[in-house]
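The chain contents come next:
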Amino acid sequence: MTTAHADGLQRPPAVPGTTHEDSRPAPGDPPRGRRGRDRRTRLAAWAFLAPVVIYLGVFYAYPLYRNVDLSVRHYTVRSFVQGGAPFSGWDNFRQVVHDPTFATALRNTMVFTVVSIVFQYAIGLALAVFFNRGFRLAPTLRALFLIPWLLPLIVSASTWSWMLNSESGVVNYVLHLIGVGKVDWLTSPSWALTSVIVANIWIGIPFNLVILYSGLQNIPAELYEAAALDGASTWQQFRRITFPLLRPVSAITLLLGLIYTLKVFDLIWIMTRGGPGDSSSTLATWSYRLGFGSLLPEFGPGAAVGNILILIALLFGLLYIRVQRRQAA
Amino acid sequence: MTTPVRRSRTPRSRRNTVIGLVLTAAMLFPVYWMINVSLTPQSRMRKDPPDLFPLHPTFSGYRSVLNDQLPYLGTSLLIGLGTVALTLVLSAPAGYALAKLRPRGAGAVGLLLLIAQMIPGIVMAMGFYGIFLNLGIMNTWWGLVVADSTIAVPFGVMIFTAFMSGIPDELMAAAKIDGATTWRTFLLIVLPVSRNAIVTVSLFGFLWAWSDFVFATTLDGGGGMKPITLGIYKYIGNNNQEWNAIMATAVVASIPAAVLLVLAQRYVAAGVTAGAVKD
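Residue numbers (UniProt numbering), protein chains in the order written: chain A, 1 to 329; chain B, 1 to 279.
Errors might be hidden in some of the hints.
To be verified - Pairwise CB distance ranges (calculated):
#, chain 1, residue 1, chain 2, residue 2, range
1, B, A258, A, A232, 35 to 43 angstroms
2, B, A180, A, T76, 55 to 63 angstroms
3, B, R44, A, A228, 38 to 46 angstroms
No lab work stands behind these hints, which were simulated from the structure alone. Heads up, the beta-carbon is just placed ideally off N, CA and C, and yes, glycines get one too.
Between the sequences and the hints, there should be enough to build the whole structure, so can you do that?
Right, dumping it as structure tokens:
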């Protein structure tokens with residue numbers, strides 16, 4: 001069976017003279033430049049890159065440095081403006097880790113991230129396979145599916161807030177129609193996290209759909225034709241062809257989803273502010289609440305939480321880079 | 001693109017179209033609900049059962065948008081355009097350098113840009129807050145342009161690098177023989193053929209700056225120049241939550257996204273898949 005497929009897959013041999021010959025330098029090419037011109041080219045190359053390098057230094061590295069500095073000093077509002085905050089070492093980190101909110105926020109961050117990406121991926125994949133069947137209107141409908149991802153987060157967040165409103169929300173109305181009692185989606189500690197996860201899944205589906213769909217496009221149609229001839233069912237085709245061949249794209253999609261979802265702040269803050277209590281607090285919202293959420297800002301601990309979040313994001317970021325590099329090789 | 005076995009006009013295809021329509025309707029229900037609520041009079045807002053269709057439409061919500069939010073929309077437009085300009089100026093030359101000129105250290109810069117994309121906005125916001133406070137540039141539109149551009153610049157460099165790698169070297173070699181400097185080659189040859197990349201980067205840069213809430217809320221010193229996201233947030237914070245005004249503002253704030261989708265759908269898809277899928 002495998003050999004038959006391999007035969008069917010073989011691409012027509014490349015026409016001689018088109019690929020190899022062209023990449024060789026043509027006789028008319030200018031000779032490798034003298035030293036002076038060589039250096040000028042190198043300088044020019046760096047001149048093109050320099051603005052971004054300077055930009056990275058001033059607008060990425062410096063804010064990050066400030067953030068680290070914040071997390072290892074004891075800042076008050078006064079010293080924040082005037083400077084001269086005393087160095088306090090790991091105090092802020094210690095304070096944050098021993099705070100009861102830490103365990104809750106860490107757990108919520110994990111639940112929020114994992115549940116969100118699992119559902120986004122599963123639904124996105126199902127939709128991608130569905131749209132790949134190529135029926136009438138499919139391109140238009142697929143485009144419409146992008147809308148949730150393009151809307152400003154505050155728009156989606158406030159729309160969901162109103163839909164999930166306990167008294168007048170349409171979600172509770174529909175539940176009422178099918179005989180389910182009122183649920184306090186945003187105001188009960190046991191439902192708040194679920195609510196923000198549902199909204200976040202809705203926002204993330206388009207991203208997964210688009211990436212997985214373009215991954216499906218790269219699977220040769222002949223494979224399916226051959227499998228159909230061999231009598232494979234739709235489910236078998238999915239299990240044996242689609243899923244394995246989509247694995248590289250899936251890995252990238254899931255990792256990117258992970259990195260994006262860890263960072264989510266707007267949605268949760270607008271819908272629940274991390275509440276009630278800490279029931280929907282994640283590291284991102286907790287960091288913001290410490291730094292900006294009250295009249296007595298705790299910049300140091302807030303920055304400490306932020307730096308912990310960076311470490312987690314970078315961990316998965318490096319994994320992403322590794323996977324991507326390996327795929328490119 | 002390989003054509004997936006065409007079976008148009010068969011009953012099965014028609015059934016798929018129907019399923020597709022139902023799924024799309026379900027997915028877009030929140031968008032419909034936003035529009036519906038924006039047209040519902042405040043007096044009927046807390047009605048049980050809620051009005052499923054805007055049978056008694058009112059435009060009072062949109063009137064409040066015109067009265068309260070117009071300056072905020074202007075600010076957001078300004079910030080969006082500023083971010084696009086700054087992002088293009090920085091990322092197009094960098095993309096060219098990384099794709100074609102490859103100076104020593106280019107790989108390291110590319111890696112740094114990739115890592116930069118992973119840093120949570122909330123952490124950047126806290127860093128910027130300290131800096132902006134010390135420099136006294138809180139609540140300036142260009143301060144927000146700088147902050148918002150940090151979302152778009154790494155993405156922009158990535159798109160330009162990917163796109164410019166595909167430009168045949170012969171094109172640039174020819175210009176060089178004619179005596180053009182690297183800068184002229186970039187300006188007169190590379191940029192014009194990179195139109196698609198420019199459009200993609202501009203679209204996303206604008207959309208992200210327009211939608212930004214994290215930087216807006218942290219770097220807002222309480223002055224009058226607020227972007228529209230803060231306009232909506234202020235409405236939500238009001239005690240007498242006027243949901244038809246909130247939703248009307250949300251509808252208006254969604255217009256750029258809708259325009260993008262209609263006018264530039266293929267660029268949107270290109271931007272989403274960039275970096276994740278290789279053709």
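These are the hints, each one checked on the structure:
With their beta carbons about 42 angstroms apart, A258(B) and A232(A) fall inside the hinted range of 35 to 43 angstroms. The beta-carbon spacing between A180(B) and T76(A), approximately 58 angstroms, falls within the hinted interval of 55 to 63 angstroms. Our hint of 38 to 46 angstroms for R44(B) and A228(A) is violated, since their Cβ atoms are close to 55 angstroms apart.
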